Amino acid sequence: MPRLSEGEARVLATRAFFHAGVAAPGLAEAAADSLVLAEMMGIPTHGLARVGACVQRLAAGGMDAAARPEITAPAPALRLIDARAALGPGVAMQALHATMEAARDTGMAGAFLRNATHLGALAPLLWTAAEAGFATIVTSNAAPMLAPPGGRAARVGNSPLGIGLPHAGGRHVMLDMALSVAARSKVRAAAQAGRPIPETWATDAEGRPTTDAQAAMAGLMQAIGGPKGAALAVTLDLLAAGLAGAAMLSEVPDTHKDAAAVPNLGQMILVIDAARLAPPAELAARLDRAAGIVGSTPPVAGGPAPRLPGARALAALDTARAEGMDIPPALMDELTRLAG
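Note that this note's numbering numbers the sequence shown so that position 30 is 36, with each residue one more than the last.
Hints were generated in silico from the structure; no laboratory data involved. Each hint should be verified, as a subset may be incorrect.
The calculated lysine-lysine pairs, modelled on DSS-like cross-linking and capped at a C-alpha distance of 30 Å, are [stated by the list, open to error]:
id: 1; residue 1: 263; residue 2: 192
id: 2; residue 1: 192; residue 2: 234
id: 3; residue 1: 234; residue 2: 263
Fair warning: this is a prediction, and the values are worked out from it, not measured in the lab.
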């Protein structure tokens, strides 16, 4: 299987976006940064495989290659960003950096994005912020795939939620989760590969739990925690999109069905300069104590020891940096072709 270093992967992804016509300064590089980090963290569904998906949407018009996002500051600690349907992972990374810059003066800051497109995995944003000493909360709305509490038709997305805490030694805490039991991308990958899925992941078009990934793609994802998870998904959708002035709930089109559809997603990034609350070494010691408490928990029979959120992703990142990334041949061929 082909193997890429971090630098090689960034060059291929960046060149692919340049060839697709991405024009805004730094946007192609920022998107490559996000997708390569996701790949290295062991999130391949949101990693380099997304390069081709983004290029497809840029060509179809669902993302605007010529767009230059506009950042305004309605208050010292607020940034309102009109993404103008630009390359989503890159816009989100640039928005994060703008928000961190504001928080260096104010202690904490928030960015709200409208006219946004899919931002990719949240873990790269959380890691980037943590490396700079910031705690972070990130969320976005998405195309409908969950029913609201008491409903039986899709009206809300799975509202991905990310929370990060910085550790001075790099052992950051990073929670990156969607409010569906599983990410829809995992169901899509199973459907493409002809694999079954756990029956707790999704229902078919009639609302029945199913292990058939193809049937699940025509049905609903199941929310974590049942009605409580669905209510949280609705609320996060309104928090991100309602405040930003973006499309809400079922106003969001499914870009997997129509690559030319412009999603007008709403996204929120909150950052806290953690050093204003605790010296970095002190916070690191607290997180180490927390890791010890969690790690000392007796595991489920036959299972691994419990860990703080993000430990697996950080281990994967360390391995990828030391050894490179194994890339499936078909994906390698696609990246090489797109990079020109």
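Hint by hint, here is what the structure shows:
1. 263 with 192: Judged against 30 Å, a Cα distance of about 16 Å means the pair holds.
2. 192 with 234: 22 Å, holds
3. 234 with 263: 28 Å, holds
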